[in-house]
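For the record, the sequence lines run as chains A and B. The first sequence finishes on residue 162 if you use this note's numbering, and the numbering steps up by one all the way, no holes. The second sequence finishes on residue 864 if you use this note's numbering, and the numbering steps up by one all the way, no holes.
Worth flagging that the hints you see were computed from the coordinates, not collected in a lab. Note that the Cβ used here is the ideal one computed from N, Cα and C, for glycine as well. Some hints could be false.
Said to hold, decoys possible - Below, a sample of chain B positions facing chain A; criterion: calculated Cβ distance under 8 Å:
(1) R322
(2) R326
(3) S336
(4) S431
(5) H432
(6) D433
(7) G460
(8) A463
(9) P758
(10) D759
(11) Q771
(12) Y796
(13) R802
(14) I856
Now for the letters of each chain:
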Amino acid sequence: MSKHLTMTVNGHVHEIDTAGTTPLLDVLRNHLGQKGSRYGCGLEQCGACMVLVDGETVYSCSREAGSLQGRSILTVEGLGAPGALHPLQQAFLDEQAGQCGYCLSGMLMAAKALLDRNPSPTRAEIVEALDPNVCRCGSHPRILRAVARAAAVLRSGAGDGH
Amino acid sequence: MVISQSLRDNPRLDRWLRFEPDRTVRVATGKVELGQGILTALAQIAAEELDLRVDQIRIMSGDSVEGPGEGYTASSWSVEHSGSAIRAVSAEVRALALARAALRLNAAPEELSVLEGEFLRDGTATGLDYWHVAPDIDLSAEATGAVAPKPVAEHRIVGRDIPRLDLAAKLTGSGFIQDIDMPGMLHARTLRQPGRGATLLLLDKDAIRRAAGDGVLIVRRENFVALAGEDETAVRKAATAAAGAAVWDRPRRLGPEQAGAGWIATQPSHDRHIGDPMPESDGGRVSMRFSRPFLSHGSIAPSCALALWQDGLLSVWSHAQGMHPLRANIAATLRLPVEKVACHHAQGAGCYGHNGADDAALDAALVAMELPGKPIRLCWSREEEFGYEPLSSAMAVEVHASVGTDGRPVGWTTEIWSAAHGQRPGVGGAYLLAADALETPPPERKPFDIPEERGGGATRNAIPLYDIAAKGIDFHLVHDVPVRTSSLRGLGATLNVFAIEGLMDELSARAGEDPLAYRLSLLTDPRARAVLERVGDMARWSERDPGGAGRGTGIALARYKNASAYAAIVAAVEVGEAVRVTDVWCAVDAGLVINPDGVANQVEGNMIQAISWALIEESRFGEDGVASLDWQTYPVIRFRDIPEIRVELVDASAHDPLGVGECAGGPAAAAIGNAVAHALGTRIRDMPMTRERIIEALMRGS
Ligand code: FES
Ligand code: FES
Chain A
1 MSKHLTMTVN
11 GHVHEIDTAG
21 TTPLLDVLRN
31 HLGQKGSRYG
41 CGLEQCGACM
51 VLVDGETVYS
61 CSREAGSLQG
71 RSILTVEGLG
81 APGALHPLQQ
91 AFLDEQAGQC
101 GYCLSGMLMA
111 AKALLDRNPS
121 PTRAEIVEAL
131 DPNVCRCGSH
141 PRILRAVARA
151 AAVLRSGAGD
161 GH
Chain B
163 MVISQSLRDN
173 PRLDRWLRFE
183 PDRTVRVATG
193 KVELGQGILT
203 ALAQIAAEEL
213 DLRVDQIRIM
223 SGDSVEGPGE
233 GYTASSWSVE
243 HSGSAIRAVS
253 AEVRALALAR
263 AALRLNAAPE
273 ELSVLEGEFL
283 RDGTATGLDY
293 WHVAPDIDLS
303 AEATGAVAPK
313 PVAEHRIVGR
323 DIPRLDLAAK
333 LTGSGFIQDI
343 DMPGMLHART
353 LRQPGRGATL
363 LLLDKDAIRR
373 AAGDGVLIVR
383 RENFVALAGE
393 DETAVRKAAT
403 AAAGAAVWDR
413 PRRLGPEQAG
423 AGWIATQPSH
433 DRHIGDPMPE
443 SDGGRVSMRF
453 SRPFLSHGSI
463 APSCALALWQ
473 DGLLSVWSHA
483 QGMHPLRANI
493 AATLRLPVEK
503 VACHHAQGAG
513 CYGHNGADDA
523 ALDAALVAME
533 LPGKPIRLCW
543 SREEEFGYEP
553 LSSAMAVEVH
563 ASVGTDGRPV
573 GWTTEIWSAA
583 HGQRPGVGGA
593 YLLAADALET
603 PPPERKPFDI
613 PEERGGGATR
623 NAIPLYDIAA
633 KGIDFHLVHD
643 VPVRTSSLRG
653 LGATLNVFAI
663 EGLMDELSAR
673 AGEDPLAYRL
683 SLLTDPRARA
693 VLERVGDMAR
703 WSERDPGGAG
713 RGTGIALARY
723 KNASAYAAIV
733 AAVEVGEAVR
743 VTDVWCAVDA
753 GLVINPDGVA
763 NQVEGNMIQA
773 ISWALIEESR
783 FGEDGVASLD
793 WQTYPVIRFR
803 DIPEIRVELV
813 DASAHDPLGV
823 GECAGGPAAA
833 AIGNAVAHAL
843 GTRIRDMPMT
853 RERIIEALMR
863 GS
């Protein structure tokens, strides 16, 4: 059954006609052409598809579009863009945190949710927040450093505007 | 200078290098980016030799039509093969351009130099650059190898931490094959044939349509079936429904017991002895047996490919490891002339070896051939990737040492039972998966493993690096395993090094000597000694705890393929209900390093993957096939288990560059194995070192 939905994605309001059961990931990638959120398992097991819905981390591969009427969604594209990177993206670049990079969209969103609720996380708190996200390349130590670095930048106010 | 194999195979300069109208230089490589940073390293090499900035180089990678053919991006050869070809070609083209410029300026070539592509005469600008003289240079000529590359002391770009060229895109939501969108594109998924020889008796198409709607096409060729349509959500539903709507005759049957190394070691095999016979000795013989299970590559992204069949030309986009081999394999399977197939590399997630990437490309091509003019984007499911990609074979390894009266080995044999590790399509009779489903399947895959002179497959690193008078391998290549097996990062080296370094620790204990000192007493190779000594310093080995009481520290060493990068590793563990790795130190000698941070990144990743192999990973079989089909049944390491990691590079810039992507896996697993033995006072010889195996070892040990 097609449904008419209104949702805000990265600050823009979108009207979408789709079956209520369509996964948010498909809405983002195929209806809206925002390919940054990634398919890894479709099973809520890897975090490659992670986005924020009203600031909370959500596995977009499994969250049905029908439940998102009126909600606000943030994806990696909304975090920052080339030339206007979010401090988290900049920190990942500075630490060269990534090998293949496929996990990074999800990592960035999980880290964003963490820093929004806890601007000064300990290493253990970062580990706990990112544990649902798989990185098969073993970029973990760099990702941990990058999140800590971004937290410091944001605390110092250098990341104003985000 | 020596001409590398890649350059011998692709001798024309214009296969490698071209001056572009936008004042950049296009450098082509047959090697592809797999997350290992190779394109950045190759751009550094070209920029160095041509005296350009890195951003003046544009890399074209994995183009089967225009670019050089360099086989597969595998076995850590890329820097050694493609890198040396690009270095030689760049040096030669620079010299040709300089000669042309000298003619035009009426100057002696020695008076000229190059800065960011512009010619300087005695240090001042001449107004002339590469692009001015480019039309006068004959790049269709063959490389002569006559121009010496720059001496290391003059390097400005090689040896520096140049940031990865592809990372910024990947941090802002683009950069992957999965993101490619074409007008009119259809999404596709397969209904997998459950094993070679299975035939489709019945497919309830109505059931599929009921589940997914009428917008989904059912494409069938013999026993190959795919679902295609504009709506990816519906296609995915159709694929799920199809699995339940199909009745197969003779699907493959597996037994859970077949997943074990114990089963492998009792199967019929081709037997071969390599190297020296085993001498007898006065100090007796010590033997110890080790094993590891089947492993999955576990790429975080299921394989994906695009294909378009139009005007008699098949275009394929794939993240597989070699576009030239893929082109040949697809052409052979579809009985098309090779020039009617073009394969283009597009980046995917890390694959760590031969996973489903090539097979997905054939799948997409098959669907495209049935739907001419329609771009097809075919994506595997998570379950399909775990269930149908080639696995890395379970192995058993028994190491035997003949010990002299001084407690040192005088003879060594590594005895190996394994299925093949080198079954990439087009190699030794191997072929792409869906070929099994077509009208006339190719002859059954013959067991083929990589010969020792190319690094070996199961036998990789089976010869210890140590000074031992007689060293050999007894290799039992098992032929009938019920799943496809092929290359996973490190191949046989992971278990071979785990076993060799395990026995080395046992021998040092028998001799009453410190494991590090004992190893050094058997090593004259100065580079091997240097990495061992360095890691000993890094980890303060001389202050090592006595061990026991659940804490231990272990050391291990290997030189990948006995010919590539050296890695020495110390691991510290705590063993309670499970093994917890707390610290890892690694010293690497990679020869001349192109990008130090890139090397460190690869080595860190390789060690983390090895912790996962050593402690957690195991692919299991059920009746219907592989039973480890998701991240719950095939868990891998996560953040909570990541130790502190320190990597240092030993300066060896006088030596040729060596590939590093696989050098640390074997020694990392082995150092953990030795640390666990140090912690428990008894050794766990089977990977993964799980809770059950800790209990078993403790019961055996007491
Ligand atoms: S794709 Fe959503 S959790 Fe893996
Ligand atoms: S960088 Fe490849 S999965 Fe994380």
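Evaluated hints:
{"no.": "1", "hint": "R322", "verdict": "violated (13 Å)"}
{"no.": "2", "hint": "R326", "verdict": "holds (6 Å)"}
{"no.": "3", "hint": "S336", "verdict": "holds (7 Å)"}
{"no.": "4", "hint": "S431", "verdict": "violated (32 Å)"}
{"no.": "5", "hint": "H432", "verdict": "violated (33 Å)"}
{"no.": "6", "hint": "D433", "verdict": "violated (36 Å)"}
{"no.": "7", "hint": "G460", "verdict": "holds (6 Å)"}
{"no.": "8", "hint": "A463", "verdict": "holds (5 Å)"}
{"no.": "9", "hint": "P758", "verdict": "violated (11 Å)"}
{"no.": "10", "hint": "D759", "verdict": "holds (6 Å)"}
{"no.": "11", "hint": "Q771", "verdict": "holds (5 Å)"}
{"no.": "12", "hint": "Y796", "verdict": "violated (10 Å)"}
{"no.": "13", "hint": "R802", "verdict": "holds (5 Å)"}
{"no.": "14", "hint": "I856", "verdict": "violated (23 Å)"}
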